[in-house]
Every structure is written in structure tokens, then in C-alpha cells.
Amino acid sequence: MTESKTISQREDQIVDDFSLFDDWMSKYEYIIELGKKLPLIDENYKNELYEVKGCQSKVWLNAEMKDGMLYYKADSDAIITKGIISLLIEVLSGNKPEEIKNAEMDFLNKIGLKEHLSPNRANGLNAMINKMKNFAIKYSGENVN
Amino acid sequence: MTESKTISQREDQIVDDFSLFDDWMSKYEYIIELGKKLPLIDENYKNELYEVKGCQSKVWLNAEMKDGMLYYKADSDAIITKGIISLLIEVLSGNKPEEIKNAEMDFLNKIGLKEHLSPNRANGLNAMINKMKNFAIKYSGENVN
Amino acid sequence: MDTQTSNIETIDITKLREEFPILSRKISGEPIAYFDNAATSQKPLSVINAISEYYETINSNVHRGIHTLSEEATEAYENSREKARKFINAQNTGEIVFVKGTTEGINLVASSFGSKVVGEGDEVIISEMEHHSNLVPWQKLCESKNAKLKFIPVNDKGELITDEFRKMINEKTKLISLVYISNSLGTVNPVSEIIETAHSFNVPVVLDAAQAAPHMKIDVQKLDCDFLAFSGHKMYGPTGIGILFGKEKHLESMPPYQYGGEMIKSVTYDKTVFNVLPYKFEAGTPNIAGAIVLGTAVDFIERLGHENIHNREMQLLTYANQLFGEIGDIRIIGTAENKTCLISFIINGIHPYDTGSILDNLGIAVRTGFHCTQPLIEQRFRLPGTVRASFAFYNTFEEIDRLAAGLSKVKSMFL
Amino acid sequence: MDTQTSNIETIDITKLREEFPILSRKISGEPIAYFDNAATSQKPLSVINAISEYYETINSNVHRGIHTLSEEATEAYENSREKARKFINAQNTGEIVFVKGTTEGINLVASSFGSKVVGEGDEVIISEMEHHSNLVPWQKLCESKNAKLKFIPVNDKGELITDEFRKMINEKTKLISLVYISNSLGTVNPVSEIIETAHSFNVPVVLDAAQAAPHMKIDVQKLDCDFLAFSGHKMYGPTGIGILFGKEKHLESMPPYQYGGEMIKSVTYDKTVFNVLPYKFEAGTPNIAGAIVLGTAVDFIERLGHENIHNREMQLLTYANQLFGEIGDIRIIGTAENKTCLISFIINGIHPYDTGSILDNLGIAVRTGFHCTQPLIEQRFRLPGTVRASFAFYNTFEEIDRLAAGLSKVKSMFL
Ligand SMILES: Cc1ncc(COP(=O)(O)O)c(C=O)c1O
Ligand SMILES: Cc1ncc(COP(=O)(O)O)c(C=O)c1O
Chain A
1 MTESKTISQR EDQIVDDFSL FDDWMSKYEY IIELGKKLPL IDENYKNELY
51 EVKGCQSKVW LNAEMKDGML YYKADSDAII TKGIISLLIE VLSGNKPEEI
101 KNAEMDFLNK IGLKEHLSPN RANGLNAMIN KMKNFAIKYS GENVN
Chain B
1 MTESKTISQR EDQIVDDFSL FDDWMSKYEY IIELGKKLPL IDENYKNELY
51 EVKGCQSKVW LNAEMKDGML YYKADSDAII TKGIISLLIE VLSGNKPEEI
101 KNAEMDFLNK IGLKEHLSPN RANGLNAMIN KMKNFAIKYS GENVN
Chain C
1 MDTQTSNIET IDITKLREEF PILSRKISGE PIAYFDNAAT SQKPLSVINA
51 ISEYYETINS NVHRGIHTLS EEATEAYENS REKARKFINA QNTGEIVFVK
101 GTTEGINLVA SSFGSKVVGE GDEVIISEME HHSNLVPWQK LCESKNAKLK
151 FIPVNDKGEL ITDEFRKMIN EKTKLISLVY ISNSLGTVNP VSEIIETAHS
201 FNVPVVLDAA QAAPHMKIDV QKLDCDFLAF SGHKMYGPTG IGILFGKEKH
251 LESMPPYQYG GEMIKSVTYD KTVFNVLPYK FEAGTPNIAG AIVLGTAVDF
301 IERLGHENIH NREMQLLTYA NQLFGEIGDI RIIGTAENKT CLISFIINGI
351 HPYDTGSILD NLGIAVRTGF HCTQPLIEQR FRLPGTVRAS FAFYNTFEEI
401 DRLAAGLSKV KSMFL
Chain D
1 MDTQTSNIET IDITKLREEF PILSRKISGE PIAYFDNAAT SQKPLSVINA
51 ISEYYETINS NVHRGIHTLS EEATEAYENS REKARKFINA QNTGEIVFVK
101 GTTEGINLVA SSFGSKVVGE GDEVIISEME HHSNLVPWQK LCESKNAKLK
151 FIPVNDKGEL ITDEFRKMIN EKTKLISLVY ISNSLGTVNP VSEIIETAHS
201 FNVPVVLDAA QAAPHMKIDV QKLDCDFLAF SGHKMYGPTG IGILFGKEKH
251 LESMPPYQYG GEMIKSVTYD KTVFNVLPYK FEAGTPNIAG AIVLGTAVDF
301 IERLGHENIH NREMQLLTYA NQLFGEIGDI RIIGTAENKT CLISFIINGI
351 HPYDTGSILD NLGIAVRTGF HCTQPLIEQR FRLPGTVRAS FAFYNTFEEI
401 DRLAAGLSKV KSMFL
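The listed protein sequences correspond, in order, to chains A, B, C and D. Under this note's numbering, read the first sequence as residues 1 to 145, first letter to last. Under this note's numbering, read the second sequence as residues 1 to 145, first letter to last. Under this note's numbering, read the third sequence as residues 1 to 415, first letter to last. Under this note's numbering, read the fourth sequence as residues 1 to 415, first letter to last.
If you're looking for bench data, these hints aren't it; they were derived computationally from the structure. Please note that the accuracy of each hint is not assured.
What follows is a set of in silico ranges between Cβ atoms, one per label pair, in the way DEER data are often shown [as the list claims (entries may be wrong)]:
no., chain 1, residue 1, chain 2, residue 2, range
1, C, Thr162, D, Glu120, 43 to 53 Å
2, D, Ser46, C, Lys26, 18 to 28 Å
3, B, Met65, D, Gly121, 50 to 60 Å
4, D, Ser46, C, Asp401, 32 to 42 Å
5, B, Met65, C, Pro31, 30 to 40 Å
6, C, Glu82, B, Asn134, 51 to 61 Å
Backbone N, C-alpha and C define an ideal beta-carbon position, used for all residues, glycine too.
Next comes chain A alone, as it looks inside the complex (with noise of 0.2 Å):
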């Protein structure tokens, strides 16, 4: 993870990287090598309370503050799952709530990943982000207390 850099510096990023494929079943293969390197979560996240619903495989997802960075980590049991939310955690992990809340996440158009999984999967997609994005609510400013 690279913390110095910004969520859009992180977004640009990603683009470069998934230009280099010319095709989906490229893209696949290297989100699913994201998947699998996805730091786990524990076990006893795997409930209910942590859970993303709206997906079609369960997606755990949690988040913690450390100096004043939010901080993500999500499990799912379905592979290319696990290595998009990988992306999502790559883009916004280790940054500052207020920035998280307004991520515009604008790279899951640029690599056509939004188009390619519409709108059942998109769904999935939207909750994890919203998941996110709620908790960065949370540990915002105004909540703080």
C-alpha cells in the first residue's frame, strides 16, 4: 500500500495498470491475483454485522482507525470478489474519512469494470462502496465523539 500518495493519485494508478489488458479475461486473471493476496479478515468478523449485503457471494468487511487513517480489511468466500474489493481497498485505505466520504471512485468506469458487471453485480459493487464510505461516516469529524 502506498499511503503517501492521494485516492486519485491511487485511482490513476490502477487505470495504468488494467490499460496494459486488452481484453476481460486479462482483467480477470489479474483481479483474481489480487483476490488471493487479500490480507484475510478475522474469522470473527464473519457475521452478520460485518456483512455487505446485496452481493451475490458474502463479502465481510471492516474498518479501524490508526492515527487519524481509516483503515479497511474484507474477506469474501468468492475469489474475483475478494480481488475487487482488493481494488477498492488499494484506492481508499490509509486515508482520512473526509477524504474516503468523497472518493468519487471514478476508475471502476475508466477500467469498464462498472459497465462490465451491470447491474446485478453493480449492485454488489455499489453496497461494498457504500459500506465503506459509511464507515469513513462514522469516523469522521462530525461524529467523532
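Using the hints, position chains B, C and D with the ligands against chain A.
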């Protein structure tokens, strides 16, 4: 009513009469004339018991035996319907119940009525014929006593 | 005649009629004059072709599928729901339930909502002019609950007597269900006024909008109705599909109506958790083609424009009224001030069945009978039925000329 | 491959496929290989065109109309009912009710018949392999009646354990409802045997024939089932239409399910008399186009012939089983002796969602998840879902080759 003729002779007569008309409007005009002339049924027969079910207009039908022959009376609140019953009565009335039971009523096809009245209205026509035949069955040999 | 008297420049009727293939059919050797639009409307090519296109390109079961066809079908299905939402200006798509038609919509409300809010000794108010589909469900509900069904009376012009309504409503009233536009009288009811009164008593109002959907802009937020149902087949769309709108708070509070399929979130052998709105009310594989193509029908109406449709239809109605007056011996049932484009009538002394049969023979399609409002026709107006000519924008002044000529012919034949 | 190994001379698959326009679509640049037939089948041109033809030539509301279009639509509608009667060999058309689909059919029976025959302390028997549509209605009925829902267990091969069934049935059993062919395991259940046992206890049996209708000849008289429901959209017909068969004596004894429209014989403000069978159960304007074209789908199946369809589909199944065996690491869920042409499976260690996503990218449409049998997959087989490839006669051996290649590719990507 030409009581000396057989049912099939009467049918032939009607087919003959109708052969003079070459469009349905003239046939309707003829049927309407017949309808207007139909001897009415007594008001006290205009009840559920004598009603023919399945027609789009109200139809009441009664039959009485005289000297071994069955005579029908009927009425309807619609004139075309009356005209059609009038044809049925013309053919069947004043015959022996056994003959009525077995009448084929082929003339309805020959004058194109069945075809012209398909199928909602044909249901009504069939309902009338059935009611007439049921009277014949009721009064025929098997059930005299 | 169209070119002379019609001042609608925005609709080219001749061209528009070409979009309706069935209108060029012949019946009894004559071009069909279709005046049974209140029973079901004809369909434009855009609607007919959208059905074929669905089956030829994206047919697939919706929701939960991850393959492309299923994704595409789901997207089209949900897009159509959004179109329906906009069509009646509902707040969100969770309030838009795909049903079989108006009848199913009302039955759903009677069963899932009615059973909940109506109890022994309570009262339900409908009107004397309801379609059987908005009468029998309430009759049966009241029967089973030992509640009382009350009828807003209808005056001789075929209008609701709203003064009587204000006397009927009281703290025992638990539900009101009303027809927006009467299918047998043509009356456009003052539903806003009634809803306002009802809400002042905290009574929810269901609207039967089967006849409203094809003829006027519906705005459920402005009306503030609690439920509203209509059928696709009467608004230039396919058969077997309709919309039930319900306010979110009501739909949330109601148990499902049918069980199975997409309306389930999770299920074990012991227990079922239901899905969110609107899916909770969409059990089983829906009429996918029907739902998608209902959206095409909405597009069609919006392309024409509600106002253009209304203006055209009012011209047809005015013209027909004028000709009917000239014929004489015609009694029109339903002469409300505010009326949609249909005429229910009898020729004095001639049974509706006789009139309809002769008109059919002239290629003119009208409906005869009770129009599924038997108590209104029989008990209220004491008639054996009426003849109903119901118009749509695609009817022409020439067709109405033929109708008038047909009625004169009928008179000469029977009187 | 078709030409070499297929010994079906009666079906020319290449020509037959041309009748299904969607089969020439491309997905992700590849020709679509559609293996989601158990969710919904594709439609032949005869069916698609019959819909257009209906709307372009005879569209009209059915029953009670006296004009020609209405007569013609009614005739087509009733002809289709007769075709459906023959299709399942019912005794008379009064036993053939047009419904939205299997789900509505079963809900109708649960509501109108179930509520009548099941009381407190009674028992209803279904199986562990039921589709939600044949599970939740009974779960809810039993809940509301304080009755007990019992499940015929399923062995590891995915077959009903009929010995257990014989131990479960007793004088408290009031109803049995069973899936004829399982949509997630493919098992063809020994329903005749079960019906015989049930009848010896005087217990009526409902059959969910959603998956049977497209794949085998159904004979309700031979089966002697009391009710049977199926959906048009799974048997090459349109969406939004299906058939509920019920024995006349049962249907006669049942109250209507919905109210309004053609199901009424006469009505006053106080009281309604219902129509005869089957109309009593057809409230509101039916899905007229759907009902008529269901008849076209029946024609299509009968033109192909049940035996030809069956033989072809068994060859596809055998071939797929053989290839799946060669790939290795595939666990098939549902290996009953008597099985229809679908394979539910997981590649060991790979989530169904991952498998399905990659296959979709290769133009191969399979379904993943619970297939609306969540308790069976989760509680009985303890799986997070399965991948289901369900075949139809129009699938080819080449498509199965592509499926097998796709699965090998998936293995190499994830393992
Ligand atoms: C076995 C089985 N039963 C019931 C159903 C429900 O059918 P429908 O969704 O058409 O109502 C299906 C299909 O989804 C099925 O496969
Ligand atoms: C006013 C009104 N309400 C309800 C209905 C019932 O609609 P559907 O038959 O489409 O369910 C109709 C049409 O028949 C109608 O005109």
C-alpha cells in the same frame, strides 16, 4: 306452423328461405321479422325456472304436450334472439318428443348461422337447443310416468 | 372530415393509424371501426415489436442471474419500472409493483392491506359505479370481517353525490376504494376532493385507475392517494401486466400476497425472510416481456403527449355527442360534466344486444351489456344493459359518422 | 460433433436452431451458449410471431363481447385452453385454469384449497428439495393454521427417501405437495408411487410440474394427481402465463382466489354469484396474448415430439457427464438414477460465483446460487450455492465442448 311436415322437411324449407338472401344484413332483417312475430310466452313463465342460461340477452322457454306432440313457447328481451328461437320453434314445435330428441338441426350450419355466431353467441344458441331437447327428453317415452 | 374539423396539428392521425396494424383489418367486408377501447386498447407497432425484440435478443429470467442475458433482461425490467414510476410520479420505484392488471392490484390491496385494517363492525366505502373488480373484493372482505360496505350514490347524470359521501364517512370508516374514471359512464370522479376528506378522517384511499391511465396524466403525489392500480392492456400495452402503486409506508406494513421466487430474501425449512420493496410483492417469475413492454407503452403515450391525446379525444366525444343528438331516440347513460371519451347509451325500445349485433355486421365494434358494472346498470339505472362506444385518439370522425349511420340503420330495422 | 454422435434423425438441430433467433446472439464476442434453460427457455419464431399476429389481427378483450374481434379472441383463447387440456390429458377444460405461472398456481391452491382442508394440528408434507414457490406457501399456511410442515428427506444422490415418506404419512396428513422434477438436482421424482400411497390415506397431492412440462409427457389422469401447475415460459412459451390443473371436484369445492371480471356470473350491491369452472378462477382481464400463445408453444412441443426431445436431451446429458468426469475436481450435486438434462455442480475449492463469472465472459450462460432451493443447498447439502448448467434440445455437443473447456479454464485460473 306446418305440422304435417317432418323436421327435416321444415329444415329444408328454412334453408330455402334463407337462400334468397345473399348478405347477412338481409338475413338479419328476416330474422328480425320472425322475432317480431314470435308468439309471446306468458309473463309468469319469465322466471329463473324457464330461463335459458348462457345467452347475452334474457331468454325464457317453455314446452307443453298436446296429443303426443310437444309445443314450445319462448320469449327474449332481444329481437334477434327471438328471431332465432322462432326458427328453432318452427322446426321443432309440434313434433313427437322422440323426433325432437334426435333432430340434428343441420340447417343452422346450412344457413350459416352457427358460423356467423361463433363462439360466444353460438353458446347461447346451443343453450337454447339443449333446453328444447331437455323438454323432449322429459316428455319422451322413457319418462312418461 | 379529419382535416377540416380537427385542429390538432401535432398528431397526424392518418400516419398514426398506420402504427396500429389491426386498424386496417376488415370485418364483415368493412374496415373495422373499433369502439371497444375501454375493454382493451389496440397496440402500436412499437409495442408489438418490442415484445418480439425482447424474445429475440435478451429473453432470460430476471434477478440473481450473473450471465449477460439475465443482466440485460433485469436492466430492461427495472428500467421499465422506473418509467412507470415517472408515468404516475411516484416517489420511488419501491412503490411500483408489477401485477397482472388492475384486478390483481385491487385484490392484493384487499387481501394484504384490507384484512389488516378492516375489522368487525368497521366500514368500507366504495361507490355505486364500481367495476366488479373494485366491488367484489370489498364485498367479500366485508363479508369475512363482518364489516359494512357502503356505496356513494350516483345521481341521474352518473356523478357521485359527494354530499352523501361526507355524511357516510365517520370514525368507523377504515378504507375507501374508488374508480377514478367510470368505465361504463365515462364520469371522471372528483377524487382529489374525496381523498382530502378521507384523509381528514385518517382513512386511506385506493384508486382504480384502469380507465384513467390511457386518458389522463396521473400524479399520485398530487392526488395523495394511498394505492392506485391500472392495467397495461388498456393503455396501448400488452395483456397480463399492470401496476399497483402503494405508498411506501403502507407497502412496508403489509404482508406479502403470494410466496415464492424473488420475493424471498432468505429461507430455511423453518422460516422465511422476505425481500425489500417492491420485490416482496412480486412472487414467481414475473411477466418479464409484459413488464418491459409496458415501458414501451409509456414511451408511446409520452411521445404523443397527454394533452394531445386529451384534446383529440374530447373532439371525438363532442362530435359523437352531436351526431347522437341528431339521430334521436338515443338515451345516453352518463352525462357528467367531467367525462372521458366514451358514450354508454340505449336506443329507446331496442335491446343493446340487437344494436350491437347489427353494428358488428357493419364492421363497427361496440360493447353491450353491463360492462362489469352490473349493479350500476341493473339496480341503479334499471336497464338490461347498455351499448358502449368507447373512443381512443386513433378513432376518426369518419368512423363516428359510420357509427351514427349504423345506429340510424338499427333504428329503421327494429322500430 | 452433432453429425457424428447424434443418432437423432428426426430432429435437424441446425435447422431447428434457426427457429430460435436469440441463439445466434454473441456474448463477449462469442456465440451464446445458453445453459440456463431451467430458469427460462428460449422461444421459437412460431411463438414470437404468434404474439405479434395476435396483436396485429384479433386483439380484443375476451368473453361477453359480441363484436367479431372479441369473438375471435375468445375462440383463440378457448382453443388454447383445449390444447393445454390435451397436453396434460385432463378430462375437461373446466379443470384448466390460466394463471400467471407455477408460483401463482401453487399459491392459489394453498390459499383456496389448503386453507379449507388444513386445520390446527394437521400436517402437510412436502420434500427437502422444493423450490421456494412450493415451500413458502405451505410454510405460511401451516404457520397460520398452527399445522405442521414435514419434509420428505433427500439422500446424498438427491433422491427422495420414499421409505421415510411412508413413515411420515398418517391420518393427520391433509395435503402433499411435491416437485415432479427438481430444478436444482434434476431428479425425476417417483410421483406415481407417492400419489398412490397418499390416496390410500385419502390425501390429495399437488404436483409442481414447472420443470416437467418442457421435458416429458404429463398425463394427469394416469398420475391421478389432484392439482398440477406449470409455467409457459419454461416450455418455450411466453412469460406471464401458466396452467393450474385441478380435479373438477376439488375446483368446484373451492372458493375463488381473486374477485372481479369474468369470474362473476351475477352481482348486486349485496351479493355475488360466481361463474362456472374454470372462469371462477380467472379474475380480471387475463393475459390473453400469453394464453393464446401458450397453445402455440404446445403445438411446437408436439411437432417436435416428446420422445425426440427426451432422446436428444438425454444424449446431451450423457455427453456432458462424460466430459465433466474427464475434467476432474467437479462434484455433481444430484446424481439420481432418473434425472432430467441438467447438472448442478461445484468445482472443488471454487465459488460458484467465480465459475459463473468466467463462463459468462466466455459467452456461456449458466446459473449460480441456490436456484430458489436455498434450504436444500444450504441446510441439506451445506454448500454456498452451485453452478447449474441446464440443457434444452437445442443445445449442441459443441456448446458442451465449450462448457467443458470453460471449466478447465476456470480451474486453471483459480486453483
Ligand atoms: C421446480 C420449480 N417450481 C416452481 C418454479 C416457479 O415457476 P414460476 O417462477 O414460473 O412461477 C420453478 C421455476 O422457477 C421451478 O423450477
Ligand atoms: C374501471 C375498471 N376497473 C377495473 C378494470 C379491470 O381491469 P383488468 O381486467 O385489466 O384487471 C377495468 C377493466 O376491465 C375497468 O374498466
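Check your understanding: Quick check: which numbered hints come out false for this structure?
Key -> Of the numbered hints, just 5 does not hold.
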